[in-house]
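Heads up: the sequence lines are chains A and B, in that order. Residues 1 to 453 in this note's numbering are what the first sequence lists, from first letter to last. Residues 1 to 453 in this note's numbering are what the second sequence lists, from first letter to last.
Please keep in mind that the hints were generated in silico from the structure rather than gathered at the bench. Watch out, some of these pointers could steer you wrong.
Sample of chain B residues facing chain A (criterion: CB under 10 angstroms; computed from the structure) [what the hints assert, rightly or not]: (1) Arg173; (2) Val182; (3) Lys183; (4) Asp189; (5) Thr191; (6) Leu201; (7) Ala238; (8) Ala284; (9) Ser338; (10) Ser342; (11) Arg343; (12) Asp349; (13) Gly404; (14) Trp419; (15) Val438.
A few chain B residues that face chain A, going by a derived Cβ cut-off under 8 angstroms, partial list only [as the list claims (entries may be wrong)]: (16) Ala100; (17) Gly146; (18) Cys152; (19) Ala283; (20) Gly371; (21) Asn372; (22) Phe379; (23) Leu424; (24) Ile435.
All C-beta atoms, glycine included, are put in the ideal place defined by N, C-alpha and C.
Protein chains: 2
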Amino acid sequence: MTDVLSRLRAALGDRVDASETARQAARADKSGHAAAGTPLAVVHAASVADVQQTLRIASETGTPVVPRGAGTGLAGGANTGAGEISLSLRAMDRILEVRADDLLAVVEPGILNGDLNDALAAHGLWWAPDPASRAISTVGGNIATGAGGLLCAKYGVVRDAVLGLDVVLADGRLLHLGHRSVKGVTGLDLTSLFIGSEGVLGVVVGATLKLRRLVPGQVHTLTATFPDVRTAAAASAAVTAAGIQPSIMELMDATCLAAVHRLLDLPAADPHAAQLTIQTDGAASAAEAAAIADVLRAHGGTVQVSADRDEGERLLQIRRSMHPAMETLGTTLIEDVSVPRSRLAEMFDEIARVEREHGVVIPTVAHAGDGNLHPNFIFDGPEVPAAIWDAADDLFHAALRLGGTLTGEHGIGVLKRRWLTDELGDDQWRLQRQIKDVFDPQGILNPGKVFAP
Amino acid sequence: MTDVLSRLRAALGDRVDASETARQAARADKSGHAAAGTPLAVVHAASVADVQQTLRIASETGTPVVPRGAGTGLAGGANTGAGEISLSLRAMDRILEVRADDLLAVVEPGILNGDLNDALAAHGLWWAPDPASRAISTVGGNIATGAGGLLCAKYGVVRDAVLGLDVVLADGRLLHLGHRSVKGVTGLDLTSLFIGSEGVLGVVVGATLKLRRLVPGQVHTLTATFPDVRTAAAASAAVTAAGIQPSIMELMDATCLAAVHRLLDLPAADPHAAQLTIQTDGAASAAEAAAIADVLRAHGGTVQVSADRDEGERLLQIRRSMHPAMETLGTTLIEDVSVPRSRLAEMFDEIARVEREHGVVIPTVAHAGDGNLHPNFIFDGPEVPAAIWDAADDLFHAALRLGGTLTGEHGIGVLKRRWLTDELGDDQWRLQRQIKDVFDPQGILNPGKVFAP
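I would like the entire structure built from these sequences, with the hints used as guidance.
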């Protein structure tokens, strides 16, 4: 261990941080869950060469390495424990290239999602993946988890927005995956394989991102309140079924709304009402907003429409403040199941059943436009109690029964690995594990994450 | 060999076709290239169980299996030779489910791309991947090659339009990959890994496709002629650089235009002019068409605009007839390089250089909207002469120097495998090969394709 640390220091100097503060901070992410023990050190990589050096030393000494962005993950994927190196990419935050004519940008992984889009806006461009955490989460973290966000139904998921990746393998070799052209099918699609791979295959040190032009025209924002969350869910599904594609369609239940209103010092919301916040954009924005308002009213909603962009951003800020608002209620286990959109109301029925049967309250928000729900389990203390896991287990299996998945965008990390075979099946689990072994035969990359030991 | 055939017949009866006609037909695809020798038999699978049976017998006897759709590939990926089984999925052509509310369809792989979209249109839906061969190529072949087509710049590539795949592994086991929800990041993304994998990992027996609503509103079609192909290429790049996104932007050089006009009995085109055919759709279609017309005229184009859908389809039919038109000129090696859109004019300079230096004529069409070029090498006789391969080699390396790729949508097959490491590098080639081995440890799935022996 001393040897590893001294080798890291000899190679990387003061980019190796073995302070107690840094080591403690690297144990946890935003899930609240923390690794057992504290890591050897945090390496603040400033270059691709730094990452390669770190991995060469790690592979030569058999030391586990846990890649980390801004630490905003919600599944414990970047948590680093005893005997491990936390490899932070946060300082690698440069935009290396922006090409409006090719609709691409080449960036380092540590740049924040929000900062990237601020910089791209000056070119009339944006990168569509838009996690609610965009102000604090990195592009690399977004890619490592396949983090999705609010705009996926209309503008695609992360894997639709990445053309190529530069990755460093466990032994320090640098690979360039993918391409700079719109199309490219040379060999196997390792770029897509890396997206959502949560640091178990290699370390992403650069990304060639597929950009879009900023959408011209007006943005319309609808807010609609409903007597209960099931009605709101059914109304959102009816919007999709009616053939209208909003850019954003977010659902918040009454508990969530109340918590956010308290956090932001807004007037108290109706204590029972669930709310949809919906945006339309592009050339048909006004017509689509009007059509959506009709559907929502027909499904029992009280609807308001705004054509003011700033007002729209303010209304969405309520949704984006969900995670800090939940943190005010206690420790939070934020779940992340996703179901086909037609099953959204049924999934809320299942959540209500789990609440009843397990005697818990599960405040829930949903990216209703794409069927991705974030049920929140609130409890006291740092560790998830067994009773909460029992309720979560029930909820996960309900999502799978509805044709859904365990995780829409947060990833498996440590918190959901015990359910992985429930979704994948044993055969697929073993195949995936063997692919991991191809990339990382020593098993030093983020060990124990995704695939249970 | 007799044993394999008798076991196949015992298990699959008259779905095993060992006639000389069937075996000869399975040797080649639309590339013109044919495998050495003739396969043992063609199995016309009618069900998932048939595919599993075939692969069980194949793995137990160590017999190579080559999956095949409609045989319209252009890289020899489905060519089947001596001692091999040709496994045709063409008869598995059912649409199992269409869900307008979830914007998905579940289909068997043998359905033709055109037939699928005809059926979906009745629901107001479509599947975006749109190869020029859509009338004769299958969805499974589209997925196996990542075939792309005309609409990719605006509506995405194949991997953006597939949610899940059912695949049969080399040993006959059936796996369900992916999900039915918009989002899903559980474990590694094996669905994307299979897209474009050309039958070397497993056999796709079902696909859950991500659909779109038919785009409402008018379609505008522009045709623009230019004094030469480089000017046309520069004009098309200027359209993208100007921030306008057409749904289709196709380029044909003078030789291609002349050949198609002869094939379709149309009046002779200008013998030197190159042509762009461009479509806009959606709510801003008219405004976008007008803006594009301005850009094209500023770049030396003579432009006509039509707002008539049927006229637009007729104009596009000229582009879609390119492959049969080339076949009238001789044997054709259709290449498929792709470059960043800003480099399209430079790629045409390179093609002109290759023509000069190698003394060949290379009629070329391009999906100019996404930078994917199809240079055609024409020759006599069934085999590509060495001089043509020398010219192609020169052209491939030019594309790579411009930041492009060997193949935008046709795949590597047998015809391009000797250039694979030029693009991937040795390290990545070996990793990809090891992944292939994880799925197919015996090496019975499409052996010799993609990865050179």
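Results for each hint:
no., hint, verdict
1, Arg173, "holds (6 angstroms)"
2, Val182, "holds (4 angstroms)"
3, Lys183, "holds (4 angstroms)"
4, Asp189, "holds (5 angstroms)"
5, Thr191, "holds (8 angstroms)"
6, Leu201, "holds (8 angstroms)"
7, Ala238, "holds (9 angstroms)"
8, Ala284, "holds (4 angstroms)"
9, Ser338, "holds (4 angstroms)"
10, Ser342, "holds (4 angstroms)"
11, Arg343, "holds (8 angstroms)"
12, Asp349, "violated (17 angstroms)"
13, Gly404, "holds (6 angstroms)"
14, Trp419, "holds (9 angstroms)"
15, Val438, "holds (5 angstroms)"
16, Ala100, "holds (7 angstroms)"
17, Gly146, "holds (4 angstroms)"
18, Cys152, "holds (6 angstroms)"
19, Ala283, "holds (4 angstroms)"
20, Gly371, "holds (5 angstroms)"
21, Asn372, "holds (5 angstroms)"
22, Phe379, "violated (24 angstroms)"
23, Leu424, "holds (5 angstroms)"
24, Ile435, "holds (6 angstroms)"
In summary, the structure is inconsistent with hints 12 and 22 from the numbered list given earlier, while agreeing with the others.
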